[in-house]
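Student: Single-letter residue listing:
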Amino acid sequence: MARIIAGVSSSHVPAIGAAIDNKQTEEPYWKRVFSGFEKSKEWMAQAKPDVVILIYNDHASAFSVEMVPTFALGCAAEFPPADEGWGPRPVPVVKGHPQLAAHIAQSVILDEFDITVVNKMEVDHGLTVPMNLLFGSPKEWPCPVIPLAVNVVLYPPPTGHRCFMLGRAIRKAVESYPEDLRVVVFGTGGMSHQISGPRAGLINSKFDKAFLDNLTKDPKKLTRIPHLEYMREAGAEGIEMVMWLVMRGALEDKVDEVYRFYTVPASNTAVGHIILEPHRRSAKKAAGKSKKPAGKMKRAAARAKTAVLRSR
Amino acid sequence: MAREQHDYDDIPGTFVFDQDRSRQGFGINMFCMSLMKDDNRKAFKANEAEYLKKFNLTPEQTDAVLKRDYNRMLELGGNIYFTAKLGATDGHSFRHLAAVMTGSSQDDYANMMLAGGRSVEGNRSRSGKVAKSAKAAKKLAKKPAKAKSKAKTRSKSRSKRG
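Protein chains in written order, with this note's numbering: chain A, 1198 to 1509; chain B, 1279 to 1440.
Be a bit skeptical, because a hint or two may be false.
Stated by the list, open to error - Only pairs whose alpha carbons sit at most 30 Å apart, straight line, appear in this in silico DSS-like list of lysine-lysine:
hint: 1; chain 1: B; residue 1: K1332; chain 2: A; residue 2: K1317
hint: 2; chain 1: A; residue 1: K1220; chain 2: B; residue 2: K1323
hint: 3; chain 1: A; residue 1: K1228; chain 2: A; residue 2: K1245
I should point out that these hints are in silico values taken from the structure, not numbers from a laboratory.
Please put together the full structure from these sequences, using the hints given.
Tutor: Structural data, given as structure tokens:
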């Protein structure tokens, strides 16, 4: 049986991609951002998921104003990087997982989430920048990725509650897939930012930090935030944070926060990042019951380390 | 017909890209989409006004594009993720466009962002009725029973729309 081993979220700022592509990651401005993802890359290298389900929004690359699907699931075998006006990003083609994607599509539609199935799609920075942040810049991506594009460009996006419930339906779908696959669900976008109009540059760290806190402790509270509040408090484009709730909905109610990073700014945006794992009882108890105590202890130790990082 | 008023029209300095704007700005956004192809970028650069004729823009929209008036493009139905492709064609980043839209110099805008960005204080509401909602927002974020305060904020923003 497939299972979800963790949830990750991060911003997907295009300038981060440009900094990687132009080899500026060592410049002080960018080092501040990238250093926050060093631990995350180590975590991902250890987690070694078989598949990543990546929730993101298309930025007028695959979907123009001609058709705007609210939820679109990438079921293709591969997804080439899109030319967003600067030429395609020099990143590997993203390989999909058509079998699991088909299973998820069927399961969630029968669960009354009328998603759009996509069999041909290019992917933009919304998908590839978060992959760089967690996987670095390898020649080939280490695992298949199932893209789930959420409309947050044309108002209104789906509600936070709807996103959360879709996450639940995805968990149910994954857990009914017969093959033993370890799946990471990755929600992207946000955090507070506005890149359009005279109010551009808006950042609301208080809002972001409360959002991160509640993502771990009380996500249902977040599902009740109305769109108006996201736009007013976190900027017109801050509404992208609803996509994090798909990730959270795909996890159990109780989770352990393994790692968190937050910095301002990256270009116009507050960068937020969090890693959540299903809640484990104390390391001792877990060790007593687990077949692989060493692995669990290692994770507990890693958690202790990141807890220190967080408190800084 | 006049544009239908919405609660989010109260957010200052913001053009929410809803379906009314999307319909109005269809030509602007499709023009911007065309700039994803290098050949089109070159054709546009070679003769901008001529290239724009293919997209059925209104004279105001054409003017806004030719003058690179990004706020006006948004007001006339453009969306930032689309107009950014025009910016990219000119060699400009999102941050560059953001500075332009705020009327700041590039340096001033960059410094504002480095200092933590534009504060939400004083930037919540055109009417000013939600200007002091920081506490209410905190309550929303922190207290479990916040249904009441949420309703309050909503009715406030509605009442000011009359």
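Student: Evaluate each hint against the coordinates.
Tutor: Verification of the hints:
{"no.": "1", "hint": "K1332/B with K1317/A", "in the structure": "holds (27 Å)"}
{"no.": "2", "hint": "K1220/A with K1323/B", "in the structure": "holds (28 Å)"}
{"no.": "3", "hint": "K1228/A with K1245/A", "in the structure": "holds (25 Å)"}
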